[in-house]
Amino acid sequence: MTEGDIDEGVADYAKSPRFSEAEKIALRYSELMALNPDRIDAAFYDELRRHYAEEEIVELGAFIGFNIGYHTFFGTLKFYPMFAPDGRLVSQEESARIYGAAPASLAGASK
Amino acid sequence: MPHIEPLTADEIRDPELQDLIRRGEALGVPDALFSRILARAPTLAKAVLHAMLHSHAEGNVDHRLKEIIRVQLARTAGDPYFGGLRSARALQAGLDESRIAAGSARFEDDPSFTAAEKWALRYAREMYLNPERIDAAFYAEGKRHYTEAQIMELGAFIAFHYGMQAFARTLGARPLAKGVG
Chain C
1 MTEGDIDEGV
11 ADYAKSPRFS
21 EAEKIALRYS
31 ELMALNPDRI
41 DAAFYDELRR
51 HYAEEEIVEL
61 GAFIGFNIGY
71 HTFFGTLKFY
81 PMFAPDGRLV
91 SQEESARIYG
101 AAPASLAGAS
111 K
Chain Y
112 MPHIEPLTAD
122 EIRDPELQDL
132 IRRGEALGVP
142 DALFSRILAR
152 APTLAKAVLH
162 AMLHSHAEGN
172 VDHRLKEIIR
182 VQLARTAGDP
192 YFGGLRSARA
202 LQAGLDESRI
212 AAGSARFEDD
222 PSFTAAEKWA
232 LRYAREMYLN
242 PERIDAAFYA
252 EGKRHYTEAQ
262 IMELGAFIAF
272 HYGMQAFART
282 LGARPLAKGV
292 G
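Chain order of the listed sequences is C and Y.
Residues in the first sequence are numbered from 1 upward in steps of one, following this note's numbering.
Residues in the second sequence are numbered from 112 upward in steps of one, following this note's numbering.
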């Protein structure tokens, strides 16, 4: 997986040839649960079942819910990754400068 | 019927999972419905139910306050399933519906809540409605009422339950009627 895959999976997955139909509906599940939960209805779950077993749908749903809950909590704590993209252990102040005030693409960051 | 059908009790054979489901039923949160939906992914179900029960019913923050917060969060998430459940333990300890409702209303002006309780209720409300308001000054105020361990306990409880409510909302689940399941 590359940073390009991640960026496209966040921003433009619906039109992207990088993702299968199964991957696209999983990405849509995540997007809608966070932003438009009313659009996740019986028909949406039927569509999920065309690509995933019920066990996998439950796994995805709980994983997405967990992340919706925790990312907001972590955001209030104002902490940043311990390591820079090049693997260096950095101070929280430097990490804040590297990663910024909001989640951003890491494409082009030094490895 | 929820969009994912729950397993029946007979389909769940793992003793650890059965015990967690019983603990949820005894507490009242979650009832067997959510647990049996989760049970379709049994390893995940055990981790989720452990975290759900531990964060809600154990720790060093008043369980009744957590129950008020949990219902407030369900209303924020628009989830009638978790919003319709009640902790039997909290009710036995004296929590009633009027106090639960007050925790989702203008609690800042309600003299029946302490300053510590009001901070915790604001923490939950702002977390998902106005997270930018939870800043260093907000945490500094929290530390006047709670230890850092209690603040982490509250924050993790809020995040976990809100996340599961966001998931439950999409399932179209509703609480089981008493005596069902």
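Hint data in this document are derived by calculation from the structure and do not stem from the laboratory.
Any given hint could be a false lead.
To be verified - A few chain C residues that face chain Y, going by a derived Cβ cut-off under 7 Å, partial list only:
hint	residue
1	Asp7
2	Glu8
3	Glu55
4	Ile68
5	Phe73
Glycine residues also receive a C-beta, built at the ideal position from the N, C-alpha and C atoms.
Tested hints:
no., hint, verdict
1, Asp7, "24 Å, violated"
2, Glu8, "24 Å, violated"
3, Glu55, "5 Å, holds"
4, Ile68, "5 Å, holds"
5, Phe73, "4 Å, holds"
Figure legend: structure checked against the earlier numbered hints; hints not met, in rising order: 1 and 2.
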